[in-house]
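Line order of the protein sequences matches chains A and B.
Per this note's numbering, numbering of the first sequence is gapless, rising by one per residue and ending at 90.
Per this note's numbering, numbering of the second sequence is gapless, rising by one per residue and ending at 658.
Fair warning: there could be bad hints in the mix.
[Stated by the list, open to error] List time: in silico DSS-like cross-link candidates among lysine-lysine, alpha-carbon distance up to 30 Å: (1) 441/B to 625/B; (2) 33/B to 475/B; (3) 387/B to 655/B; (4) 642/B to 475/B; (5) 520/B to 138/B; (6) 65/A to 33/B; (7) 475/B to 441/B; (8) 65/A to 642/B; (9) 32/A to 33/B; (10) 502/B to 65/A.
Note that these hints are calculated values from the structure, not bench results.
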Amino acid sequence: MSSKVKLSKEAGQKADEIIAFHGYSSLEELIEDLINKEYEKIKSGDNKEELANKLSGLGYIS
Amino acid sequence: MIRRDFIKSGGTLLAAAPFMNFGAGNPLTKKMLVLGFDGMDPGIVNRLMQQGQLPNMQRLGGQGVFTMMHSTIPPQSPVAWGSFISGADPGVYGIFDFLHRNPDNYTPFFSQSETLPSRMLVNLGQYQIPLKPGKVVLKREGRAFWDYMEDRGIPATVLKLPTNYPPSESKQRTLSGMGTPDILGTYGIYSLYTSDENESQKDITPNNVYYAYIDENNIMEGQIEGPRNDLLKEGENVVVPFKVYVDNRHKTARIDIQGQEILIAEKEYSDWVEIKFSLISNLASITGMVKFYLMEMGDRFRLYISPTHISPRDPAVPISTPAGYSRELTDHVGLFHTIGLPADTKALGQGTFAMENFITQSLSVFDESCHMFDFELQRFSSQKEGLLFFYFSSLDQGQHMFWALNDKEHPYYHPEESRKFAYITDEMYRKFDRVLGKAMKNIDPGIPLLLMSDHGFGPFRRGVNVNTWLVKEGYLKMTTSDISEAVSILGYADWPASKAYALGLNGLYLNLKGREKEGAVAPEERRRLLDEIKAKLENISDPQNGNKVISCAYISEDNFSKNFIDRAPDIILGFDRGYRISNESALGSLSREVVSDNMDWWSGDHCVDPKKVPASFIANFKIQSPVPNMQDVAPTILKYFGIATPSQMTGKALI
């Protein structure tokens with residue numbers, strides 16, 4: 029799938045800095061990497077930890 | 004009579020002595036008092052009554068009835084008190100567990116309320132200001148019984164009742180209870196400052212532990228973390244600094260925070276300390292409050308800071324109706340705890356508290372509730388008509404943590420702790436008997452008085468990982484061969500190949516096509532599969548001793564009204580005595596063993612088969628059913644006040 033993403037000037041500048049800092053070859057590569065990382069977070073149950081933290085005060089789940 | 008015999012007897016223990024006619028249309032008076040003692044177990048009450056240790060309960064029951072009462076399926080407090088509020092089964096008000104799940108992504112969430120974020124943000128310098136504020140929404144459906152009283156102009160005051168946060172809209176006086184969060188939106192995150200380096204390295208997530216560095220002037224600096232400041236574009240948590248001046252010679256400390264000076268001695272709790280968390284300098288802030296507990300001084304310095312409660316004087320979110328009621332209460336009784344489950348069971352479980360610290364805190368919560376009750380009881384005594392309902396949490400929270408002290412079969416039984424503290428459960432029951440005694444003394448004997456609980460109690464000796472069982476039985480497929488605590492169905496389930504999963508404290512769901520995002524069970528296969536899984540669940544035996552683990556698996560569609568049954572698990576797991584869902588399974592994680600020892604002070608529980616943990620019903624009036632049901636109480640109250648049972652209610656009036 030190919031799609032265009034419109035970034036604000038400020039976000040574009042930040043993206044350029046991140047690309048330079050981490051050595052990404054392009055904006056597409058940066059975005060793809062960020063999407064993959066975010067997806068991994070969801071798949072590994074990151075929100076589960078947050079939920080567990082929130083619920084732990086109930087006592088029923090340690 | 005031993006407990007089991009009592010339960011088997013299945014009926015009224017104390018025959019009603021004088022018949023008191025509280026039937027509708029002919030009330031002796033138009034007032035009624037209902038006390039809710041969460042977790043009061045009829046078996047324990049019966050034992051202590053036989054020993055003459057609960058004279059007031061004995062007297063109350065002697066005037067009318069003492070019996071056990073059917074709790075809800077499952078017998079969890081939000082579900083059972085929801086039934087009390089609605090006069091109905093859970094299908095009517097839509098709360099089936101502490102946790103429900105979102106079928107779109109399989110994620111569990113808190114069932115009682117939902118926080119909706121603010122919308123339409125306007126950028127203003129470093130801030131983003133919401134034009135429409137966020138709000139918290141109560142997920143309990145339908146009307147509360149006090150709404151019908153309001154329709155007839157009959158006043159009701161309902162304090163600390165679970166499953167009523169945020170409180171449903173009403174002109175009656177109500178104060179929210181279980182389900183009310185702290186200022187961070189959690190159900191209680193505490194902090195510990197300790198000079199013990201090893202302890203300061205300990206992981207007590209999500210609670211906070213800090214190394215207490217005390218300088219050469221005997222000053223320690225710390226901070227209290229407040230809520231995330233969502234008004235800032237770069238959202239960050241607001242913090243409030245404080246200083247502790249340590250005086251080891253006199254075993255005291257002075258805490259300076261926001262211009263307030265608090266003096267406390269070792270082993271002492273401070274009063275409530277209000278704190279303002281500034282969101283926009285001098286323009287917007289929210290108020291919380293904490294208690295400091297100076298646990299140790301000298302060789303080791305340990306300072307516990309309670310979760311930051313919503314201040315009832317200036318609540319950041321609604322906790323009462325009318326909104327000013329919590330402030331009015333504060334004016335009369337001072338500040339009081341607002342978190343729904345105020346005793347810090349986590350602090351004991353994580354070793355921050357020793358048992359004596361936990362008992363101290365529990366008693367402080369109890370005393371605070373008693374103080375508030377005294378005030379409302381006086382007001383009730385001077386009223387001409389109406390209902391007062393008052394809820395106490397301490398018996399429930401205490402029994403969760405004290406059970407192993409009296410249970411030699413419990414894997415977490417500690418003989419030394421038991422020798423010192425085994426008395427505490429019975430002592431709590433005696434304390435509650437005195438609360439009842441005070442109520443009986445202060446109201447006219449002709450006024451109907453009902454003392455009730457939502458469920459009883461039992462041991463939680465072994466945890467059951469139902470997800471691991473589902474994997475072993477082939478109903479749940481994973482994308483990894485690792486079966487351990489590190490693996491969650493939320494990250495590793497092979498959904499298109501999975502037929503069932505477990506989430507929450509009693510819930511098992513089919514992975515249904517058309518309902519779950521990646522459903523695998525066709526609608527025509529559903530009922531056969533439910534019956535098959537039910538039969539297998541009821542056959543699980545504990546490999547350690549051969550005991551049955553689940554005494555009844557309840558198929559929801561056979562047990563609930565259909566109104567909101569779409570929120571319900573497909574099967575409610577009724578664990579047998581001694582068993583409960585494991586902590587891991589409740590949130591969707593696996594573990595190596597299906598059944599394993601519960602090695603935690605959280606050693607008693609009630610999230611089991613409701614037949615194993617009936618509730619208590621003690622009243623000074625006679626009822627028409629030998630074993631009432633939780634959902635019968637609201638129709639009974641309404642009938643007493645001359646109101647016919649509303650069509651929403653599935654319960655039946657008992658008078």
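Taking the hints in turn, this is what the structure says about them:
1. 441/B to 625/B: 22 Å, holds
2. 33/B to 475/B: 59 Å, violated
3. 387/B to 655/B: 27 Å, holds
4. 642/B to 475/B: 51 Å, violated
5. 520/B to 138/B: Between residue 520/B and residue 138/B the Cα gap is close to 28 Å, so the pair holds against 30 Å.
6. 65/A to 33/B: Violated, at about 64 Å.
7. 475/B to 441/B: With a Cα-Cα distance of about 55 Å, the restraint between residue 475/B and residue 441/B is violated, given a limit of 30 Å.
8. 65/A to 642/B: 60 Å, violated
9. 32/A to 33/B: Violated: residue 32/A and residue 33/B sit about 70 Å apart, past 30 Å.
10. 502/B to 65/A: 29 Å, holds
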